[in-house]
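K.L.:
Chains S, R and D, in that order, are what the protein sequence lines are. Residues are numbered in the working numbering as their position in the first sequence, beginning at 1, plus a constant of 1. Residues are numbered in the working numbering as their position in the second sequence, beginning at 1, plus a constant of 36. Residues are numbered in the working numbering as their position in the third sequence, beginning at 1, plus a constant of 30.
Simulated from the structure, these hints should not be mistaken for lab results. Be careful, since some hints might not be right.
[As the list claims (entries may be wrong)] Derived lysine to any residue pairs resembling SDA-like cross-links, with alpha carbons at most 25 Å apart:
#, chain 1, residue 1, chain 2, residue 2
1, R, K127, D, Q107
2, R, K127, D, D69
3, R, K409, D, Q107
4, D, K40, R, R390
5, R, K409, D, A83
6, S, K131, R, R390
7, S, K479, S, E406
8, D, K40, S, D270
9, R, K409, S, A424
10, S, K131, D, A83
11, D, K40, S, M262
12, R, K409, S, D270
13, R, K409, D, A32
14, R, K409, S, S94
15, R, K409, S, M262
16, R, K409, D, G116
17, D, K40, R, D181
18, R, K127, D, V74
19, R, K447, D, A83
20, S, K131, R, K127
21, D, K40, S, N269
22, R, K127, D, Q43
23, D, K40, S, Q92
[Stated by the list, open to error] Covered stretches of chain D, going by a simulated chain S footprint (3 or more residues, C-beta under 8 Å):
#, stretch
24, 68-77
25, 83-95
26, 99-111
In this text, a Cβ means the ideal position worked out from N, Cα and C, and glycines have one as well.
These are the residues of each chain, in order.
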Amino acid sequence: MAWESVIGLEVHLQLATVSKIFSGAPTTFGAAPNTQACAVDLAMPGMLPVLNAEAVRCAVKFGLGIGAQIGHRSVFDRKNYFYPDLPKGYQISQFEAPIVGRGEFEIALEDGSTRSIGITRAHLEEDAGKSLHEDYHGCSGIDLNRAGTPLLEIVTDPDIRNAQEAVAYLKALHSLVTYLGISDGDMSQGSMRCDINISLRPAGTDTLGTRAEIKNVNSFRFVEKAIACEIERQSDILEDGGEVVQETRLYDAERDETRSMRSKEVANDYRYFPEPDLLPVVIDDDYIEAVRASLPELPVEKRHRFAAQYGLSTYDAGVLSDSRELADYFEAVAAACGDAKMAANWVQVELLGQLNRSELGIADSPVSAADLGGLIARILDNSISGKIAKQVFEHMWQGQGSADEIIEAQGLKQVSDSGALEAMVDQVIADNGAQVEQYLAADEGKRKKLIGFFVGQVMKVSKGQANPKMVNELLAKKLT
Amino acid sequence: MHDYSVAELAQGLREGRFSSVEVTRAHLQRIAALDERFNSFISVDESAALAEAEQADARRAAGEASALTGVPIAHKDIFCTRGLRTSCGSKMLDNFVPPYDATVVSRLREAGAVTLGKTNMDEFAMGSSNETSYYGAVRNPWDTDAVPGGSSGGSAAAVAARLAPAATGTDTGGSIRQPAACCGITGIKPTYGRVSRLGMVAFASSLDQGGPMARSAEDCALLLNAMAGHDPLDSTSSTRDTQDYTAQLERDLSGLRIGLPTQYFGEGLSAATAACVQDALRELQARGATLVDVSLPHSELTVPTYYIIAPAEASTNLSRYDGVRYGHRCEDPQDLLDLYTRTREEGFGDEVKRRILVGTYALSAGYYDAYYKKAQQVRRLIRQDFLDCFEQVDIIAGPTTPGPAFALGAKSDDPVSMYLEDVYTLAVNLAGLPAMSVPAGLVEGMPVGLQLIGQHFDEARLLNVAHQFQQATDWHLRAPGGID
Amino acid sequence: MAIDQHEIEKIAQLARIRIADDQIGEVTARIAEILGMVDRLQAVDTAAVEPMANPLDDTQRLRPDAVTEENRREDFQAIAPAVEDGLYLVPRVID
């Protein structure tokens, strides 16, 4: 039977605040264990939560970024369960009245099409600490530095159909939240963690099968692989006439498989109820409008603008608008050289290629946007050929100066002096009598092909610096 | 010296008639000599108290004295005190020495008060008799075979026995007012949100409120001046301005309308207690007040409503006691589940366990709507009853308890009958109102209290009425026998 | 709503409280009495009543996003039952 997968994602996003969501302890990553856990984070007796204004602002920014309804009155609840990394024995979260309601989110797929993913809700909550499983005389160690870090949990509708869409969604989400500046979105540090809900159903039906939840997948690649192997596992079960068990699973990257987790544990009953230590959070329209006014141009808007304003393909516009820094860089290059398509091409092929090879981000690029624009300008004004430009770019990458400085220092300027070119053309014609005869004997159609040989020879003699357009014209004139 | 009120001590210290060290030492000596009989203190650090007294005297000498500088007081062992064990009456926190002060404690320190020690209480403030304390029952100074009330029974007994001129207490369902009534002292539970809950070990977050316990309304006002006020670290702390709670004490009562809820004078109230309350009301009438019959139609629902909400909140507030970061931890836990279940089995007493179980049940899947949500709805009806009454009257009055203190052990095996002891006090916490208990007479030698209930944030009016009553009567000056 | 011993065991497990076998009967009986008392609420019609979570109709104040707490690990861990290398120790956690 053909199966269709139904996938929903829950992303836990750490918000970029300097202090915790309910306490004044710092949120910096990587501090010595328990040095950033204050009395509130440790759930010392009598300690009380006070809500961080910036966490609320981040959540509202996100909500506006996906066009969602903002909860004018949102409520925090206690989610009760015992775990050593949860000091209070409950997590303060939002259950019935989240701060961000329903929204929609457009993602661009590799084939250039776009899809809209429904966002069910997003709510604020506190992160838990970490259990370290190194052996301390048969014990685990608990570090509560992360406890109380603000999280926005973003839940999608079960709209996602395959691993590629899931990854495209996560990349788009990453792009959005970094544009908004509400999170660094760094999956390797756990700033963005993904739970995957996945079930299968016979293709073409609209019933929902039993789902499994894969917890805490922490890279785009693992999300893709975890979904692929979970689809395979579930379809094997269903093909054999079995039933999928509703459970929480863990993706094991080393074995590339998912395995059941906490299956022996008693069924949880979280006993949600309104957190009596906090009051309802009321957000008025003035607040919402002030936040809206502070929003930057968002990735989707930018993508559409790039396509319309610069005539770029959806795919190219998507790549270039992926991060705010890259988009700004591209626009600066385009402005400097005056040709957006050339700029798009150079940024995507040469610049991103080099950055990827060197594992650098756009902010670390050794070539500034102005300098790259300057290089492209030299192609456009025929000072150098595209081929020479690639050499110049190499030198620029190595920090040898601007395009003009390198062209000057290395004498790479294109030869457009007609006298010098004529001498070269004459020499090539003199040296290649056989080819000249062949050319002259050929008809018009063949000649167009054969002339390339002579151009190549002239370029060789000129070490690539001859102006190809002028060479073509001269050859055409002389070979008659 | 132990017969001096807070006001008298403050004045004497101001006038240099005695030093804080002398006053503090006198009270410490009384605690050492007499508290064996009452068991009203859990922890006393004499040297720390005397050191604080010395500092107070030094500040006064330097001309830096504040209102309560040098006045010794006791704190209920529910308030965290930096460097001084804070047990909350539980084995769970028997070894817990907080590295911080509760806001109430730090505010009283700032006002100059000296900490004598920490008073006994029902475990985690869950009880109406002080019999659930891990440190043993407190005995009523008026009759050591009787309970002192609870949960702030240690504070009430210490003040009644003149071991401390005043003490802090907390009131979740009557825990300041009921022991104050049983021990013949004055206590006020302020409006929810008036006094910070930070550093006060939580029982039921939406009901808990700290307040002062002393011999007179005037003393309560002096302490409340120091305790009340906004705390940015408590989200439920009110930002409303406080007042000088002593400013209106002398206001006369003419024109005051006092509501008497019919439900508070019906079945269950002992006749002798009713007679004391009626006498007290006549006294207020004589001073110009008008008595008006009012109704609180949902009164009969307060006990069930409270005994869902309080245990539900408590059940999760007490989840933090897991043997990981502080407090009791069982020996040699076999695994994580064993660590949790045995630590909590050993660390909590029977009543605390019962309430955790009831609360867990009330919040659990399938029961939430029938219990917790229902109770939250009825809670609104109960508050509305009061708001309706306050359309007609300025304050509400009635008995604090159905009768005087009962005998030790009389109800300790019967939780439901124990819960009914708080029938007149619980509604106030559900509605978040301020209320106080004022000594109003003796029934067979045991004190009973008049309860006064005010509108939200109208503590000053309550203290005014109580003070005027105490100008006309001397019940608050009566002391139990055999304590000299 | 009557409650039986089995339910008490389930609740006790949720609350992570061990109840000794010889006490479970007594605990069940007491809790049944308490639930019997609170069951009076079931008769009240509250269909039109908004639940009240808090006695004040205030709304949440927001705290400026600033670090106000310093590292006090020494103080906090001085009162901890088991610590090593700055970590709180618990019996092995198995995921």
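K.L.:
Straight-line Cα separation of K127 of chain R and V74 of chain D no greater than 25 Å?
P.N.:
With Cα atoms ~39 Å apart, K127 of chain R and V74 of chain D exceed 25 Å; violated.
K.L.:
Tell me if the straight-line CA distance from K447 of chain R to A83 of chain D falls inside 25 Å.
P.N.:
The given pair, whose Cα atoms are some 31 Å apart, is violated under the 25 Å limit.
K.L.:
For the pair supplied as a hint, K127 of chain R and Q107 of chain D, confirm whether the alpha-carbon distance does not exceed 25 Å.
P.N.:
holds, 20 Å
K.L.:
Starting from K40 of chain D, check that the Cα of N269 of chain S is at most 25 Å away, please.
P.N.:
Given that 25 Å is the threshold and the Cα spacing comes to 11 Å, the pair holds.
K.L.:
Measure nothing beyond the straight line between the CA atoms of K409 of chain R and Q107 of chain D; if it is 25 Å or shorter, mark the hint as holding.
P.N.:
With Cα atoms ~39 Å apart, K409 of chain R and Q107 of chain D exceed 25 Å; violated.
K.L.:
Would you mind confirming whether the straight-line C-alpha gap from K131 of chain S to A83 of chain D stays at or under 25 Å?
P.N.:
violated, 32 Å
K.L.:
Verify the proposed pairing of K40 of chain D with D270 of chain S, using a straight-line Cα cut of 25 Å.
P.N.:
holds, 11 Å
K.L.:
Regarding the pair K409 of chain R and D270 of chain S, is the alpha-carbon distance no greater than 25 Å?
P.N.:
It holds: about 17 Å lies between the C-alpha atoms, which stays within 25 Å.
K.L.:
Does the alpha-carbon distance linking K131 of chain S and R390 of chain R stay inside the 25 Å limit?
P.N.:
violated, 32 Å
K.L.:
Does the structure keep K131 of chain S and K127 of chain R at a Cα separation of 25 Å or less?
P.N.:
violated, 29 Å
K.L.:
K409 of chain R and A32 of chain D: Cα distance at most 25 Å?
P.N.:
Given pair K409 of chain R, A32 of chain D holds - Cα atoms ~19 Å apart, limit 25 Å.
K.L.:
Would the hint linking K40 of chain D and D181 of chain R be met if the CA-CA limit is 25 Å?
P.N.:
violated, 39 Å
Hint compliance for this structure: hints 2, 3, 6, 7, 9, 10, 15, 16, 17, 18, 19, 20 and 24 are not met, and every other hint is.
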